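Visitor: Residues per chain are reported as follows:
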Amino acid sequence: MADRIRVLVAKPGLDGHDRGAKVVASALRDAGMEVVYTGLHQTPEMIVNAAVQEDVDVVALSILSGAHMTMFPRVLELLKKAGADDVVVTGGGIIPADDMEELGKMGVDRLFGPGSDTREIARYITEAVAAKRG
Amino acid sequence: MTDARKRGATVKDAKKAWEEKVSSSAKQRDALFTSVSGEEVDLLYTPEDTADLDYERDLGFPGEFPYTRGVRGNMYRGRLWTMRQFSGFGTPEDSNERNKFLLNHGQTGLSVAFDLPTIMGYDSDHERAEGEVGVCGVAIDSLRDMETLFDGIPLDKVSTSMTINAPAAVLLAMYICVGEKQGVPSEALRGTIQNDLLKEYIAQKTWIFPPEPSMRIITDIMAYCAEHVPQWNTISISGYHIREAGSTALQELAFTLADGFAYVEAGIAAGMDVDEFAPRLSHFFNSHLDFFEEVAKFRAARRIWATDMREKYGAKDPRSWLMRFHTQTAGCSLTAQQPFNNVVRTALEGLAAVMGGTQSLHTNSMDETLALPSEEAVHVALRTQQVIAHESGVPNVIDPLGGSYYVEALTNKMEKGCRDYFDQIDKLGGVIPAIEKGFFQREIARAAFTYQREVEEKKRIIVGVNDYVDEGEEVRIDLLRIGPEVAERQKRVLADVRHDRDDAAVKAALAGLRAAAEGTNNLMPHFVECCRVYATEGEMIGTLRDVFGEYREPPIYW
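Those sequence lines, one after another, are chains A and B. The first sequence begins at 1 in the numbering used here and counts up one residue at a time. The second sequence begins at 1 in the numbering used here and counts up one residue at a time.
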């Protein structure tokens with residue numbers, strides 16, 4: 001199917017907590033999306049390269065190390081540079097509400113904290129991609 | 001037929017009749033009657049379930065083989081468990097202050113958390129450290145930071161646990177050097193390094209080198225410590241992270257013990273006598289919410305370890321048979337929603353650890369799903385342990401659940417399940433080949449996904465998350481934040497260290513380390529020498545990266 005949603009699930013930074021990323025990857029796949037999982041310890045450069053190469057609609061970052069205020073802006077900036085700023089940038093992890101708001105202002109789409117329902121994440125991604133595709 | 005078996009057979013018939021009566025007369029709630037790990041449990045346990053139990057053989061007395069009931073003769077009447085709260089953030093000065101705070105409030109051992117750059121062997125000024133310095137733990141770049149971290153804390157008076165794996169040898173070497181400066185000989189140092197790389201590949205995923213050189217570093221540490229740091233626990237064989245990654249209780253038990261035995265085999269293969277190093281191996285488990293399942297897990301763990309160490313590996317020193325373990329309550333059981341409920345969850349989990357006979361305990365703080373714990377939350381967490389210790393009466397009696405039909409049946413089931421996993425791992429060629437084939441990773445990912453599904457389908461109720469939700473709840477909590485000044489401080493101190501040290505001595509020490517890594521000499525004396533002359537962690541690990549290469553895992557999800 002040409003219009004299947006393509007998602008890059010990525011683990012930036014040094015932390016190894018990949019339970020959430022993997023659960024979300026499985027859930028999005030089961031929701032009918034095409035999922036590419038980067039594996040661990042990725043730099044923002046590696047993530048954006050993969051996003052461009054795989055021509056994804058969505059980049060979903062999982063960060064549990066507290067480095068989100070460094071990683072998200074960097075990925076946004078690099079996507080923009082690569083001319084891929086139409087990609088939906090979402091994610092989740094341990095991200096305090098204040099930081100979520102600030103990242104939202106920078107252009108990050110919705111972020112999901114602990115206790116999120118993966119069906120809600122899938123629903124959100126489907127809508128966000130539909131909005132971008134017009 | 002023994003009396004117990006006869007009784008079991010009689011009870012079996014009576015139970016069957018009773019079950020028929022109950023199921024025809026009473027309706028059952030529409031709910032999942034399984035453990036947190038998804039294991040079916042019966043409505044009732046009776047002597048039928050323990051008919052095969054031989055007290056002397058399977059349980060014995062505390063402090064005696066097979067240690068099912070506990071590792072010490074008088075258990076908590078002799079000494080309570082060590083209350084050891086994991087702590088570390090920001091600069092070495094910040095963490096030094098938090099440690100002194102905890103020691104002043106009755107904590108009896110230190111437990112140091114390091115930041116990710118330290119864990120991954122990067123100095124604070126490395127590009128990969130950006131955004132991560134001091135965030136998940138304390139940042140340590142050189143001996144100078146370590147001196148600051150333990151300033152005013154006499155190393156002969158405390159025991160220190162360091163949660164560090166791939167660069168464990170470096171941090172231990174720094175600790176030895178701080179001891180030297182305080183006039184404390186290495187023989188008097190007490191503590192633990194986690195140093196469990198196998199579970200890194202399986203679950204925690206903060207590895208640096210491939211498995212083979214990792215195992216070599218570990219056996220070097222075991223050999224060095226046997227001679228020079230005899231009171232040091234050289235590996236904390238950890239199930240905690242396996243469980244946090246989503247495993248079941250049984251998987252946690254089986255994979256952890258399989259790792260443990262792999263270290264024992266590596267030590268023997270490196271030419272050591274098993275009794276030379278095995279007494280210094282310790283364990284680290286998770287304590288989750290399913291109370292009886294957890295207690296059974298701890299009891300089974302002791303029995304399996306003792307049995308195999310004696311029967312399979314030929315250990316003769318009873319200290320090699322003993323499974324001593326630390327427990328941390330399950331971070332993954334806590335919720336961001338209604339965080340005060342986490343105090344209750346943690347209390348139940350802490351109680352299970354004590355009923356299971358733990359040697360030390362960390363109780364999580366209620367706000368840890370959101371960020372580093374605040375001082376108030378840490379305070380409540382420590383007080384929770386003190387309430388268990390002094391108010392509940394539980395520590396008065398050893399293994400108070402021993403003999404319970406349910407707990408004994410669960411303990412046996414755990415052991416059997418564990419041995420089935422050992423067989424599967426053996427068939428794959430052992431722990432390292434099983435890692436390379438993604439066996440553990442896949443098992444864990446599947447368990448995590450199944451659990452998540454059950455929660456989302458409301459087969460499993462999580463209070464405050466998928467039921468009893470406070471509509472419109474806004475989760476705001478007083479959070480501890482790490483600012484950019486921490487990284488700036490680290491970079492400044494690093495620059496000072498590089499300026500002040502004897503460059504020729506550093507170069508020579510690093511060359512010695514490289515030569516040892518390329519050959520077969522024990523690496524530990526070289527780490528100590530490098531630390532002593534203020535080589536940085538990044539320089540030491542960087543040298544080994546050159547020699548050993550880095551590990552890459554195939555990304556696997558279920």
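Take these hints with a grain of salt, some might be off.
[Unchecked claim] Example chain B residues on the side facing chain A (calculated, C-beta under 8 Å, incomplete):
1) Q107
2) E130
3) Q338
4) P339
5) F449
6) Y557
[Claimed, not checked] Here are the simulated lysine to any residue pairs, SDA-like style, with alpha carbons at most 20 Å apart:
7) B:K12 to A:D30
8) B:K413 to B:V184
9) B:K6 to B:F61
10) B:K458 to A:A31
11) B:K458 to A:G39
12) B:K458 to A:S116
13) B:K437 to A:G113
14) B:K507 to B:D546
15) B:K507 to A:G113
16) B:K316 to A:E120
17) B:K416 to B:D58
18) B:K459 to A:G39
19) B:K416 to A:R123
20) B:K458 to A:D30
21) B:K16 to B:A409
22) B:K312 to B:K437
23) B:K312 to B:D58
[Said to hold, decoys possible] With beta-carbon atoms standing in for the labels, derived distance ranges:
24) A:M46 to B:G438: 16 to 24 Å
25) A:D3 to B:K458: 46 to 54 Å
26) B:K437 to A:M46: 22 to 30 Å
27) B:R481 to A:M46: 54 to 62 Å
28) A:M46 to B:P433: 46 to 54 Å
29) A:V36 to B:S25: 52 to 60 Å
30) A:G83 to B:G152: 39 to 47 Å
31) A:G83 to B:A270: 51 to 59 Å
32) A:G83 to B:L103: 50 to 58 Å
33) A:M46 to B:K458: 50 to 58 Å
Derived from the structure by calculation, the hints contain no laboratory data. Keep in mind that this is a model prediction, so the values were computed, not measured. Quick reminder that beta carbons are idealized off the backbone N, C-alpha and C, glycines included.
Visitor: May I ask which of the numbered hints given earlier this structure violates, with the numbers listed in increasing order?
Guide: 1, 3, 4, 7, 8, 9, 11, 13, 15, 16, 18, 19, 22, 25, 27, 28, 30, 33
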